[in-house]
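Participant: Two chains, each in its own frame: build the complex with the hints.
First to last, the protein sequences are chains G and R.
Residue numbering for the first sequence follows our numbering, beginning at 12 and increasing consecutively.
Residue numbering for the second sequence follows our numbering, beginning at 6 and increasing consecutively.
None of these hints come from the bench; they were simulated from the model.
As the structure is a computational prediction, the values presented were derived from the model and not from experiment.
Idealized CB from N, CA, C, for every residue including glycine.
Some hints could be false.
[Said to hold, decoys possible] Negatives, chain R to chain G, calculated, CB over 10 Å:
id: 1; residue: 70
id: 2; residue: 234
id: 3; residue: 369
id: 4; residue: 375
[Stated by the list, open to error] Derived pair list, reagent style DSS-like, types lysine-lysine, alpha-carbon separation capped at 30 Å:
id: 5; chain 1: R; residue 1: 413; chain 2: R; residue 2: 378
id: 6; chain 1: R; residue 1: 106; chain 2: G; residue 2: 395
id: 7; chain 1: R; residue 1: 106; chain 2: R; residue 2: 84
id: 8; chain 1: G; residue 1: 146; chain 2: G; residue 2: 241
id: 9; chain 1: R; residue 1: 372; chain 2: R; residue 2: 405
id: 10; chain 1: G; residue 1: 395; chain 2: R; residue 2: 159
id: 11; chain 1: R; residue 1: 106; chain 2: R; residue 2: 85
id: 12; chain 1: G; residue 1: 424; chain 2: G; residue 2: 395
id: 13; chain 1: G; residue 1: 276; chain 2: G; residue 2: 169
id: 14; chain 1: G; residue 1: 395; chain 2: R; residue 2: 413
id: 15; chain 1: R; residue 1: 413; chain 2: G; residue 2: 241
id: 16; chain 1: G; residue 1: 302; chain 2: R; residue 2: 159
id: 17; chain 1: R; residue 1: 408; chain 2: G; residue 2: 395
id: 18; chain 1: R; residue 1: 366; chain 2: R; residue 2: 84
id: 19; chain 1: R; residue 1: 366; chain 2: R; residue 2: 106
id: 20; chain 1: G; residue 1: 302; chain 2: G; residue 2: 213
[Said to hold, decoys possible] Just a few of them, taken from the derived set where beta-carbon distance is under 8 Å, the chain G residues facing chain R:
id: 21; residue: 117
id: 22; residue: 146
id: 23; residue: 306
id: 24; residue: 407
id: 25; residue: 409
id: 26; residue: 413
id: 27; residue: 417
id: 28; residue: 531
id: 29; residue: 535
id: 30; residue: 539
id: 31; residue: 550
id: 32; residue: 562
id: 33; residue: 567
id: 34; residue: 571
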Amino acid sequence: MLNTPFLLVALSLALPAQTQAPQAEPELAEAAPGFERIWNARNVEHLYNRAGFGARPAEVEYALRQRPAAFVKQLLEGFAPTSDPLFIDIPAMPERREFEERGEFEKAQNRFRAEERRVLTSFAGWWFDQMVEAKHPLQERMVLFWHGYFTSSTRDVKRTAAMVAQNELFRRHALGNFSELVHAIVRDPAMLEYLDNNENRKDRPNENLARELMELFTLGEGNYTEVDIKEGARALTGWRTTDDKTGSYFQPRNHDDGAKTILGKTARFDADGFVDLLLAQPACPRWVARKLITHFEGVEPDEARLAEYASFLVDKRWELKPFFTKLFLDPRFYRDEVRAERISSPVEYLVGATRRLGITVPPQILWLGAGQLGQRLFDPPSVKGWEGGEAWITTSTLLSRGNMAGMLIGVVKLEDVLREDPLEVEPEGEMMGGDMMGGDSMSDSAAKDARKAGRRKVDLGAEMSGLQRMTNEMYFPRINLTARMQRAKIAGDMQIVDTLADELLPVPLSEPSRAALLTFLRTERSVLALEDGRLLSAGVKSEEILRRLAHLILSLPEAQLG
Amino acid sequence: MQRSHLDRRALLAAAGLAGVTVLSTRAHGSVTLSPALATQGEGRTLVLLQLSGGNDGLDTVVPFGDDAYRRARPTLGLKKSEVLALDDYRGLHGALKQVRKHYDAGRVALIEGVGYPEPIRSHFRSYDVWHTADIRGRDAGDGWVGRLCDAAFKDEQNPNLVVHIGGNVPYALHSTSHPPASFVNPRAYRWAGGEAETEAYEQAGGMQPERDEKKPKKRAGESSLDFLRRVLADGQSSSEQVRRAVAAYRTPIEYPTNDALAQSLADVAALVNGGIGSRVISVEMGGFDTHTDERTRHDQLMRTLDAALGPFLDDLGRSAAGRNTLVLMFSEFGRRVAENGARGTDHGVAGPMFAFGHGLKGGLYGKHPSLEKLDDGDLVHTTDFRSVYATAIQRCFGVKPEKVLSAKYPLLAFA
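The shape of chain R in the complex, shown without the other chains (with noise of 0.2 Å):
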């Protein structure tokens, strides 16, 4: 039995190094990375950050420079001093003082307006439909990421390699071929067992042959019993190598420590750094439903963003795998442009998205879309959200970004 174990820890080191192909950290310090990897895509790792409850794109990125904005915001419009001016006519939200140092550093692209055609009100719907970059929502198949995976990494089979941090998966992730690893807490992704246990759980899970070989589905003539056993086994290394990335990572940098999306960004930072192989990083951030007293919530909610986004960014840039890291930050949709009469905003459409990255072009894409031509009082979008995906898809795996949108759209350069 002993031995089996020490088997499997060499297995599993070499799946961690077999993992990580171009981008071992294992190495002390001194990889040198080929310069073209930034740009051509191979190795990169992309993290979402899902803002749930449609986040107020006009309280984010705020256009105080319109006349139209403060009459439409009467008690909840942020004043000229109250806001990061980017440029004369918008500014970041006050509290987001970290990510204005970063994008001041040229690593922050703000693609403005985006949202899609017939834009869906409905939390769940709408999430849908960013989840599988599909109109149709979950009728269109598997998640967009899912989608991803099948056209990048058709046959390596890591169970690392989507990784949520968080209670509920989004659908993004949702794929039969390449489902993502979860957990609310990396810790807490274990078997609970005892000492003795734990041993007699991996001998039953890890007395497989050919346990080097990951495949997705059940192979053609195993039994459900092996193909259980295979997924015990994996599921035996996978949470040990989560799990020891994160207790092996240091930084020097700090993380606020009573915060969930930091905490969850801190675990982000060890698993891009692990070498595990993950290749995409998905935690959320709820709250964002401010229908009622929006002033208060939202200055909060943009608080604790920048607290866990600025060490995040510092965090990044320590390393390579970190600075090959893109993260982009959405929301189901805006909110309305004009305020309720609960000092709040009721449920929009189009708002900015945020593309984080040491390796981007920071700066100002897409088109703030008008005050004044509303629809029906809501923001016309002026950028598909799925540009931003075929960018992501093109530019971090190299894929054609058809492939995974069943249309083409144009690519930002922000990439």
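Next comes chain G alone, as it looks inside the complex (with noise of 0.2 Å):
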């Protein structure tokens, strides 16, 4: 390359050492007397609702056979070795020094931000394969919820590399010891860029990642005061990532090595000292436990629970094995009310609707999609994360699902989806503001042809822009649902719409929407002119109805829960 040569270095070479975390065994915890009568097919695939992303059948017969005890030491330990980190290139950044004309520094940074805009591509896509193959799916879980929690984006972090080995160290720590966590994070590259470290110095202290540190990854609003942020900001002082900002280091003489006084205690606190009296509060396992279990279980803990989560936290010494261990061998996990309750994010939505219709997607696909849908991986839209839950749903947002899923089946193109609206086709005017105001009319007719004439430049943005052209290039869905009936010996309408909603759907299809199915199978069998019994004998138009069926199942309300 002429203006940027690659510096091609293994990710794991170009981070600082990193102590690995002793990664301890999980105690063969033994499920409460009486569990063994809830481990049936529903409360399994809860479980990898939860712990991973959705159940393909064969999944939920292989658990059923496990004993419970044994197959969530299995989901802790991954089922199969996890693919290799994959190698990333990491761009030199042009130097301005480097180039006599202005224009050609610019067209080298130019394609400095499209290379590194390439690698984060690249990587967000391997990640989309763990999280579809899921091989240690409970594992992948947790690097998206520690994305969400210690919050980083590319926005501010403009160095992909950083973004990049923060992921890495979520997938280190996933489930490891928190504690570790948040000894590394305040050392980590893209946490110091991203909440303005190397702006706090001994002079002139800036208080974002002491404020934060205590508000959104270890306390809790109301548990610290303003005097709290700023002494420990002090703390904090001296940690700055390196010029290119692949790599952080401490610079002892920006440090403000004098004694602070923080939740009540004097010291001379450095970042550890602080980040250890943090975790020493009665507050932070009580943060952690409430933040963790609201995630996995989609509603908040009552007190007594959280107390008991909160100290067992504390007794197994911010050990997540064992804490993962308890909550899911714990009967409260499969009540009604936390297994119904819980809206997917729309990654969890895109890897779960992929991973029960068993096709194989273009990963980049699945990352620009749940971007549509509201959730962009490497771009949390603020400091606390993605808020999660009903924010997810808007009427925008749950429509584009439905969308989005149709055009996994291959039965919705963006295209279609832009095309000539059929309202348009035929106006009926008769609603609402046909008639303005001082408007002199032009003839329905020729006003129609004058707007269908002129409304095909569409400004997509870039990310709906890249879906489409990926979609039509590369995609093609790789799919039998007629085979997959017939393999099953399923024929009935009754009988397809409950096997295929029992596959693709991640909770139990209510009544209302199963009527809804049938009317819709029941409509289009009788076009075709078929007895009950007889859909999948149409070829090519009995997949294609499946097809469409399968649109609707994995649009409906129940889709969208998990």
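Facilitator: Quick look at the structure:
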């Protein structure tokens, strides 16, 4: 390459030395007596939904053959060895002095940014592959969780290598030790950059990292004062990134090593001392336990349960594996309120649909698609991460989720969504807006023609355009629902609806939705003049109907839960 | 099933009527407006037009009469003959002919020197300041339009209340309680399925009791499944309302057919007139980050902008709803005063903001920043952008601006 020599560096080499977390063996906890009685298909699927990205029917059968405690142990260890880490090309940032002409420098910068983007896209694709393959689904779930917990964004951290390194950090500590993770995050280059710790210097402290460390990472609001933030910021002074932001180091001359009084304790705190002080606060295990339980259960724990899990975290010295063992073998994790309540994030929705459909999708499609639906990985909306829950769902995103699913199944093309609206072909002006005041009226058809003629240049935005290009050029759904039904010896309308819904939905189909699906299937079958039980005999027409049924199923309210 | 479909239509029609309150455009050409409306602020629509990338304010409202301007812009500077002079100091970029026409008709308020203290030169972070009206950016919480909705439309939950037409929803509209409907194209705001699937899909979403009561959040005790059904039903009706409004809209005004902004503004006009209760509509035009070869690029941008805004403002003049619409045009920052070595300009700070509308008092507002007393080569802002927001909040929505913006900002007299 002309002006951008690439440094090919294995990412782990580019990272500052990290003490590898000693992974404690999870205890061979046994489920409480009687737990076996609730170890059924519904609950096993629920566990897959929450601890992973949904289950295929064979996976549910597999889990049912295991003892609950043994299966949970596998969840914590992974089902198969995970893929090798992606080898990351780190493009070199162009330096102004290398370029005589300003225009040339800008071109080099543009090439650099494009290359950075390409590397980020590759890495995001790799990450999506890990989620879909689900060799270690809980680990991937936790990487995603930490990404929304210890947020950093490419919007501010304009360096792909730093964002990737942070992701690798989350991967190493995903199910490790929370204390070690917090100690690591206060020296993580992306975090230092994102929360302005380069500007946090002895002579001019910047409070950003200290504030979020207390408010969002360890204690929660109300458990510290503004003075604690100011003093805490002093403890974090001196930690900064390298100029190219791919590494971090401690610069003693910028560190304030005087005494600080934080949360009532006075000492010459440094970053690690400050973190240890925070971890020792009673508010900290409560904060972490609440966040974890709420994420995995979809509803906040009650006080008794929160207290129980918080003290358990402390007892286990912040080890996460015992925590999850306890949670997943807790009958309360399987109560109705928990099983039905959680709304999937866009990533969970798309990865789950991909897994349940059993299709192969270029992972970049999932990345861009999730972005369209409101979850742009590597770009959380704010330091608080994604709000989650019902905030994922708006009228626009709900309809778009269905469209994305239709695209994965191959029955919706993005062009279709953008094409002439059926409403426009037959205008029904009786309802609203048909008669403008003061407007001399052009004849309807002339106006329609005029508008239609011009109507075609639509700015889709980069993401949507990328998605459109990618689906047109790279994607063909490899799916054969007819064969799947035939193999299961399914033929009648009701059987088809129930089987397909069972395979594609993370939660049971509700009666109203079932009625709607049956209506659809009966209507379509009668168009083909086939008897109930003969639907699969119409070859390509059968498959088309099944795919449209699958699209409908994945658009249902039930498909958004999990 | 057919019956429930009809019921839904009936409900839609009712919602359409309820949504517009005072300004129903359904009545056939005979709606008499309370004359107080235009000043009291009830029932106005606010349109936000974002020029993304940092529009060069000095090449939009050109201080051709200032020697310092010519010195700072030896190759980029426009001469008097190349601008549409507003007086002997400043003029609009020569391409803004239709904007000039509307300016002369009193429909353009030009607010000069708009910015904020401690300006940020990063695109993203400066957007965040504009979008949250807060220097802390997103850490401050929802977008300013979201907060406005909380103050002005606390209990009203029309899914089309806030609309963004375009790819990426600006953070200004971020709100959990009043999330925006968004689409790149109103025709694309729909679930894409065949006729039979659509019927079934509507059946699956539409079997809810209490369909007419719309609340943003999950109600106490409501299950997630019921919540999703309700949003689905809302989405189906909202998308149908939007598409109907656009499909039914008739205008003799001709918009350029090959330009995305013009087409979006045509859709905005349809929504403004559609009687579907949309009160804040946002659109975006990109491409303003003119570091290099600015002359050609910015000229083209100004031509495109003028060609889209001209017919849009003409169109708004045709109806009461249109005349009651206020358009605010802004950019995340202006550009540096001096041109750079690549015949372009780099990120700066203050710039002009435009308000358009048939109900406003046109003319010059604020104060043109000095081109001599610079802060490290940048203009010093003379009007805080939140004064412009405050004016819109007060005049369009009758809400005390302090409820939305954490501090008090002096109102401007344009609206």
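Participant: It remains to establish, for every hint, whether it holds in the given structure.
Facilitator: Each hint tested on the structure:
no., hint, result
1, 70, "holds, 30 Å"
2, 234, "violated, 5 Å"
3, 369, "holds, 29 Å"
4, 375, "holds, 28 Å"
5, 413(R) with 378(R), "holds, 27 Å"
6, 106(R) with 395(G), "violated, 47 Å"
7, 106(R) with 84(R), "holds, 20 Å"
8, 146(G) with 241(G), "violated, 44 Å"
9, 372(R) with 405(R), "holds, 25 Å"
10, 395(G) with 159(R), "holds, 24 Å"
11, 106(R) with 85(R), "holds, 18 Å"
12, 424(G) with 395(G), "violated, 35 Å"
13, 276(G) with 169(G), "violated, 37 Å"
14, 395(G) with 413(R), "holds, 27 Å"
15, 413(R) with 241(G), "holds, 28 Å"
16, 302(G) with 159(R), "holds, 29 Å"
17, 408(R) with 395(G), "holds, 23 Å"
18, 366(R) with 84(R), "holds, 29 Å"
19, 366(R) with 106(R), "holds, 15 Å"
20, 302(G) with 213(G), "violated, 33 Å"
21, 117, "holds, 6 Å"
22, 146, "violated, 30 Å"
23, 306, "violated, 15 Å"
24, 407, "holds, 5 Å"
25, 409, "holds, 5 Å"
26, 413, "holds, 5 Å"
27, 417, "holds, 6 Å"
28, 531, "holds, 4 Å"
29, 535, "holds, 6 Å"
30, 539, "violated, 12 Å"
31, 550, "violated, 18 Å"
32, 562, "holds, 6 Å"
33, 567, "holds, 6 Å"
34, 571, "holds, 5 Å"
The structure fails hints 2, 6, 8, 12, 13, 20, 22, 23, 30 and 31 (numbered hints given earlier, in ascending order).
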